[in-house]
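Given the sequences, and given the hints that come with them, work out the whole structure.
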Amino acid sequence: MQRGPSAPDSAIRANSVHPAAAVGPAHGALPAITTGAPPISAVAPRGVSPNVAKRAAWSTPRDRLGTPERRTEQPQQQQSPGAFATDGAPPLGVGSLIPRPEQVRTPTSTSPSAVVAPLEDALEVLLAVLIETDDRSDRARRRQAALEETERLHAAEELELERTRLAADEQLQMTLELLQAELARERRLRSTGEGPKPLTAAVAPPIDTKGPSKRQAARLATRLRNSPLKPRTRESALHASVREVKLHELRDERARWQRDYETMREQVIEEKARQVALFQRLEMLRRSHAKQLSEAEAALRASQADVERLQTRLAQARVSAAHEARRTASLVQNSRSERQRLVCALAETRHKFREWKEGEAATLRATREQAVHALRTEYELKLARHQEEKQKLRDKVKDLEVSLRLLQRDRQLSPGELSERKGTLLQNNSSGTGFGDVGAADFIEAQGRIHELEALLQLSKERQEWQDALLRVSEAALARLSQERELDALENLSLPSPAVALVLSNLTGDLEVEDDEKTYTQDAPTGGGGTDLEKEILRRKSIALSAEVNRYQKIVVQSMEEVRALKESRRRSRSGSISSSAMVLSPREAYLLEELAASQREVDAMRIKLKKKRKKDKAKSKANIGEKDPLELDIAVKMIQTYSKGFLARREFIRKKLAIGKIKARYRGYLVRKNYEALGGGLFPADRKLLPSGLAPQEAPNFLMVTEAMQYKMQIVEPHYKVSYLCEGTGSRDNVDVVLRVSKDPPVVQLQLTSKHEPAAIPRVTYFHLFETIALLPYEDEEIVLETASEKEIARIFASRLVVQRKGSEEDYHFFIVRPAAAQDEIAKGAGDLTVNREARTLLTELPVQPMESRAASASSEVCDAPLEGTAPPGQEIDLDLLIQEARTDPLENETAKPTSNVNEPAAEDPTARIRRLVKRLSSNSFDSNEQ
Numbered sequence: 001m002q003r004g005p006s007a008p009d010s011a012i013r014a015n016s017v018h019p020a021a022a023v024g025p026a027h028g029a030l031p032a033i034t035t036g037a038p039p040i041s042a043v044a045p046r047g048v049s050p051n052v053a054k055r056a057a058w059s060t061p062r063d064r065l066g067t068p069e070r071r072t073e074q075p076q077q078q079q080s081p082g083a084f085a086t087d088g089a090p091p092l093g094v095g096s097l098i099p100r101p102e103q104v105r106t107p108t109s110t111s112p113s114a115v116v117a118p119l120e121d122a123l124e125v126l127l128a129v130l131i132e133t134d135d136r137s138d139r140a141r142r143r144q145a146a147l148e149e150t151e152r153l154h155a156a157e158e159l160e161l162e163r164t165r166l167a168a169d170e171q172l173q174m175t176l177e178l179l180q181a182e183l184a185r186e187r188r189l190r191s192t193g194e195g196p197k198p199l200t201a202a203v204a205p206p207i208d209t210k211g212p213s214k215r216q217a218a219r220l221a222t223r224l225r226n227s228p229l230k231p232r233t234r235e236s237a238l239h240a241s242v243r244e245v246k247l248h249e250l251r252d253e254r255a256r257w258q259r260d261y262e263t264m265r266e267q268v269i270e271e272k273a274r275q276v277a278l279f280q281r282l283e284m285l286r287r288s289h290a291k292q293l294s295e296a297e298a299a300l301r302a303s304q305a306d307v308e309r310l311q312t313r314l315a316q317a318r319v320s321a322a323h324e325a326r327r328t329a330s331l332v333q334n335s336r337s338e339r340q341r342l343v344c345a346l347a348e349t350r351h352k353f354r355e356w357k358e359g360e361a362a363t364l365r366a367t368r369e370q371a372v373h374a375l376r377t378e379y380e381l382k383l384a385r386h387q388e389e390k391q392k393l394r395d396k397v398k399d400l401e402v403s404l405r406l407l408q409r410d411r412q413l414s415p416g417e418l419s420e421r422k423g424t425l426l427q428n429n430s431s432g433t434g435f436g437d438v439g440a441a442d443f444i445e446a447q448g449r450i451h452e453l454e455a456l457l458q459l460s461k462e463r464q465e466w467q468d469a470l471l472r473v474s475e476a477a478l479a480r481l482s483q484e485r486e487l488d489a490l491e492n493l494s495l496p497s498p499a500v501a502l503v504l505s506n507l508t509g510d511l512e513v514e515d516d517e518k519t520y521t522q523d524a525p526t527g528g529g530g531t532d533l534e535k536e537i538l539r540r541k542s543i544a545l546s547a548e549v550n551r552y553q554k555i556v557v558q559s560m561e562e563v564r565a566l567k568e569s570r571r572r573s574r575s576g577s578i579s580s581s582a583m584v585l586s587p588r589e590a591y592l593l594e595e596l597a598a599s600q601r602e603v604d605a606m607r608i609k610l611k612k613k614r615k616k617d618k619a620k621s622k623a624n625i626g627e628k629d630p631l632e633l634d635i636a637v638k639m640i641q642t643y644s645k646g647f648l649a650r651r652e653f654i655r656k657k658l659a660i661g662k663i664k665a666r667y668r669g670y671l672v673r674k675n676y677e678a679l680g681g682g683l684f685p686a687d688r689k690l691l692p693s694g695l696a697p698q699e700a701p702n703f704l705m706v707t708e709a710m711q712y713k714m715q716i717v718e719p720h721y722k723v724s725y726l727c728e729g730t731g732s733r734d735n736v737d738v739v740l741r742v743s744k745d746p747p748v749v750q751l752q753l754t755s756k757h758e759p760a761a762i763p764r765v766t767y768f769h770l771f772e773t774i775a776l777l778p779y780e781d782e783e784i785v786l787e788t789a790s791e792k793e794i795a796r797i798f799a800s801r802l803v804v805q806r807k808g809s810e811e812d813y814h815f816f817i818v819r820p821a822a823a824q825d826e827i828a829k830g831a832g833d834l835t836v837n838r839e840a841r842t843l844l845t846e847l848p849v850q851p852m853e854s855r856a857a858s859a860s861s862e863v864c865d866a867p868l869e870g871t872a873p874p875g876q877e878i879d880l881d882l883l884i885q886e887a888r889t890d891p892l893e894n895e896t897a898k899p900t901s902n903v904n905e906p907a908a909e910d911p912t913a914r915i916r917r918l919v920k921r922l923s924s925n926s927f928d929s930n931e932q
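Under UniProt numbering, think of the first position of the sequence shown as 1, with each following residue one higher.
Treat the hints loosely; a few may be bogus.
What the hints assert, rightly or not - Below 30 Å or equal to it, Euclidean Cα-Cα: the simulated BS3-like pairs (lysine-lysine) are:
hint	residue 1	residue 2
1	K618	K638
2	K352	K541
3	K382	K461
4	K541	K554
5	K638	K657
6	K638	K616
7	K396	K382
8	K756	K792
9	K756	K807
10	K620	K609
11	K541	K357
12	K744	K792
13	K744	K657
14	K422	K396
15	K620	K638
16	K611	K645
17	K657	K645
18	K722	K792
19	K645	K612
20	K611	K638
As the list claims (entries may be wrong) - If you anchor each label on the Cβ, the simulated ranges turn out as follows:
hint	residue 1	residue 2	range
21	L126	E295	20 to 28 Å
22	I537	A345	20 to 28 Å
23	G423	K392	33 to 41 Å
24	D306	L123	26 to 34 Å
25	A156	L123	48 to 56 Å
26	E728	K645	52 to 60 Å
27	A547	R463	35 to 43 Å
28	E157	V245	16 to 24 Å
29	V245	I269	34 to 42 Å
30	R243	L126	50 to 58 Å
In case anyone wonders, no lab produced these hints; they're calculated from the structure.
Each residue gets a CB set at the ideal place from its N, CA and C atoms; glycine is no exception.
This is the structure in structure tokens:
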């Protein structure tokens, strides 16, 4: 505990010698200043610190640069050779940082050594400053670590003192408790032992009285001996005074160090200012020397560049002259070798063409022979087949002739006798004895065979002619192809190469004349008059063939363009809208787009006709100007009608597209809300009271409320689908009639249920959310409903998936949607088990219904034809059935259709006006607020 304060103070003394060393080199760090003994006026007399030896042993850059005490020692150190051996570099003092007067006065010499020497000195100075700043940064880090350690030790000491105080308080409390317990025990013993004796008698306690145990006495003695509240003896008092004296000394030493720190801080600031001035002066000198050196180097580089440029020009001139001579010679040699190569290539091409032509001729001969062989084989096979058929026909004719002869002789022969006699005659005929008419059969057979042979001969001749024509056409095509190839080869050979063209352009006319004479002398012996004539004929044929080839190429290109234009026109005429849009359209949308395209084409045609008509009218005389007005008026009317038709079609298409998008958006929002409700809430508890629709009172506001306007609309609308169901869930299955009405805006499905056993009862009307039914349908049905399905189609799909289940009471019905998979459908069809069907069922959630305000409307116009009892007085409200009937007879257009009322009844509201008001409330805008 005693070395806590002294350790931090020693660390402060050790690290506060150089307080400015924390400044980095980038901020112009200054060397630390090692001060000797503090001033006498500022420092009180004190004992020698044990850290004096450590501080004396430390070496700082300040000592090397020269303190006021060591400036006198630097000349001796610079002259001694031991300093160079130990440090490896001459030590720099403050005097070396400042340029000497001799160096400043000497003029700037042009020699490199005179220019570089000051720069080297400046670099050495900067290097020394950099080393010092590194050392100071290390000392700053060590001093910072020492300060942190001091703070930590102070905190630990305070914590330990607090713990000591708490322990002393606790020990004192325990001592007091032990003393009080001992005192109470002694009092009890004294009171029990001194009963019969007088109170004034001071009698010692008996020996056998039980006192405190040895263990308690030892523990109490130890605690009393170590207690901080124990009376101070001379030794303890002396110890406490020594500690207080030491503490006072430490505080005085800390104050002295603080004063030393302030003094040292002022010295550091002065040293830093001096070093900044020195650094600025060195920087100015360095910049001036660098500028002079750069100017000298620039002049030297310019002169060297001029010399090198002149030498380069001379070398380039020499090289270009030699290269030009070599290039001329190489071009002459290349032209000669190119000419020889062209001659060899022409001879090789002719040889290859001859070989190809002979191969093509051999191929044609082989093909022709193969075709002839195939035809002969086919002819022989057909002839053999015909011979067999003729033999069969001959046998049949003989059989018929024998049967005819036998029947002519005896018409009463039975079939068995006829067959027996016929077999006998045929056997005799085969043995050589027969009728004389057999020769006639042979003659008939010979005549038929002759006709068949003539027909086969004619057929073979026609086929031979067709094959000959085909061969001639193929030979002509091959000959034309060979001529085109030869022509292309000759044209390629006749065109000179770029190297030859360059040679011919560079060579003189004399060289060309000499080369031509040499070629003429070389070609003259090889050819003659016949070769020149053949070449001329071949050239003319090649020209004619090239012209024909060009004409064919133009025809092919033109035909390809026509085919492309025809394909494009067909594609545009097929559907102009499908190609322009990549989205998949419904049949209705495609039809609307086609109508729009057709109307656009009609408008274009009308524009063309109008332009033609205007041109004709301008050519007429001015006398007919008045006659143009009706015609132009009719044309304008037609144009307006055409544009109106297209505009209406486009607007209808856009409206339907927006309606579909709106339904899709509401459907997605409904799915998101249902998923959120499914994740947020669970099943309702059994004790919660539900609404008639099956919803809890707290959950009802989150669902769509079926308002009075919606009920009016659903009752006015014609039924979309009617179906009968067999209720499940009861012992006797009841048949019920269900009427479905569907509305897309608002998205509501009305289900009206009537029991066949009780037709007079009031039917039950239930409302479901359209999107809930769509979400429970299969995927393909969802797409149909959202895209193109009408209300009737939706009702039909919903009825096909609906299951009605009845509970205990008469009005307690539950409605399910069945979503069977393929396997479940097969199991249900094969076994008919109800458990399988129940696994795929989903219970529909009924929507809350707003009660009618003024009267209880009748459920349906088809069931209840008269107003019910207990409704509003007839003078105030008209029966809803009459309104429904008038609404179905379109009262908006027929003003004469009005309900008949009694004369005595007061004047009621006009039904037409009431229906108009209801229809206005049932518009799409009126349900946006209800949806929200």
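Structure-based check of all given hints:
1. Between K618 and K638 the alpha-carbon distance is near 21 Å, which keeps this suggested pair within the 30 Å criterion.
2. Proposed proximity of K352 and K541 is supported: the alpha carbons are some 20 Å apart, at most 30 Å.
3. For a cut-off of 30 Å, the pair hint linking K382 to K461 stands: about 16 Å separates their Cα positions.
4. As the CA atoms of K541 and K554 are separated by approximately 20 Å, the hinted pair is consistent with the 30 Å bound.
5. For a cut-off of 30 Å, the pair hint linking K638 to K657 stands: about 28 Å separates their Cα positions.
6. Among the hinted pairs, K638 with K616 is consistent with the structure: their alpha-carbon atoms are about 19 Å apart, no more than 30 Å.
7. At most 30 Å may separate the alpha-carbon atoms for a hinted pair to count; K396 and K382 meet this at roughly 21 Å.
8. A distance of roughly 24 Å separates the Cα atoms of K756 and K792; the hinted pair therefore holds under the 30 Å criterion.
9. Between K756 and K807 the CA atoms are separated by roughly 17 Å; this keeps the pair inside 30 Å, and the hint holds.
10. Note on K620 and K609: the hinted pairing holds, with a Cα-Cα distance of about 17 Å set against a maximum of 30 Å.
11. Our distance criterion of 30 Å between C-alpha atoms is met by K541 and K357, whose separation comes to about 18 Å.
12. Proximity of K744 to K792 is assessed by CA-CA distance (about 11 Å); at most 30 Å being required, the pair is judged to hold.
13. A threshold of 30 Å between alpha carbons decides the hint, and for K744 with K657 the separation of about 14 Å falls inside it, so the pair holds.
14. Simply put, K422 and K396 have alpha-carbon atoms about 12 Å apart, close enough for the 30 Å limit, and the pair holds.
15. Under the criterion of a C-alpha separation no larger than 30 Å, the hint pairing K620 with K638 is consistent with the structure, at around 24 Å.
16. Between K611 and K645, the direct Cα distance comes to roughly 22 Å. Compliance with the 30 Å bound is thereby established for this hinted pair.
17. With a C-alpha separation of about 18 Å, the suggested pairing of K657 with K645 holds against the 30 Å cut-off.
18. Between K722 and K792, the direct Cα distance comes to roughly 10 Å. Compliance with the 30 Å bound is thereby established for this hinted pair.
19. For a cut-off of 30 Å, the pair hint linking K645 to K612 stands: about 24 Å separates their Cα positions.
20. Proximity of K611 to K638 is assessed by CA-CA distance (about 15 Å); at most 30 Å being required, the pair is judged to hold.
21. Roughly 23 Å separates the CB atoms of L126 and E295, a value that falls within the hinted 20 to 28 Å.
22. Between I537 and A345 the C-beta distance comes to about 22 Å, which sits within the given range of 20 to 28 Å.
23. The supplied range of 33 to 41 Å is broken by G423 and K392, whose beta-carbon atoms lie about 18 Å from each other.
24. D306 and L123 have their C-beta atoms about 33 Å apart, which keeps the hinted 26 to 34 Å range intact.
25. Roughly 50 Å separates the CB atoms of A156 and L123, a value that falls within the hinted 48 to 56 Å.
26. A beta carbon spacing of about 54 Å between E728 and K645 agrees with the range 52 to 60 Å that was offered as a hint.
27. Checked against the hint of 35 to 43 Å, the pair A547 and R463 passes, with Cβ atoms roughly 37 Å apart.
28. Range check, E157 to V245: about 18 Å between beta-carbon atoms, so the 16 to 24 Å window is met.
29. Distance hint check: the CB atoms of V245 and I269 are about 37 Å apart, consistent with the given range 34 to 42 Å.
30. For the hinted restraint 50 to 58 Å between R243 and L126, the CB-CB distance of approximately 53 Å keeps it satisfied.
This entry does not satisfy hint 23, going by the numbered hints stated previously; all others are met.
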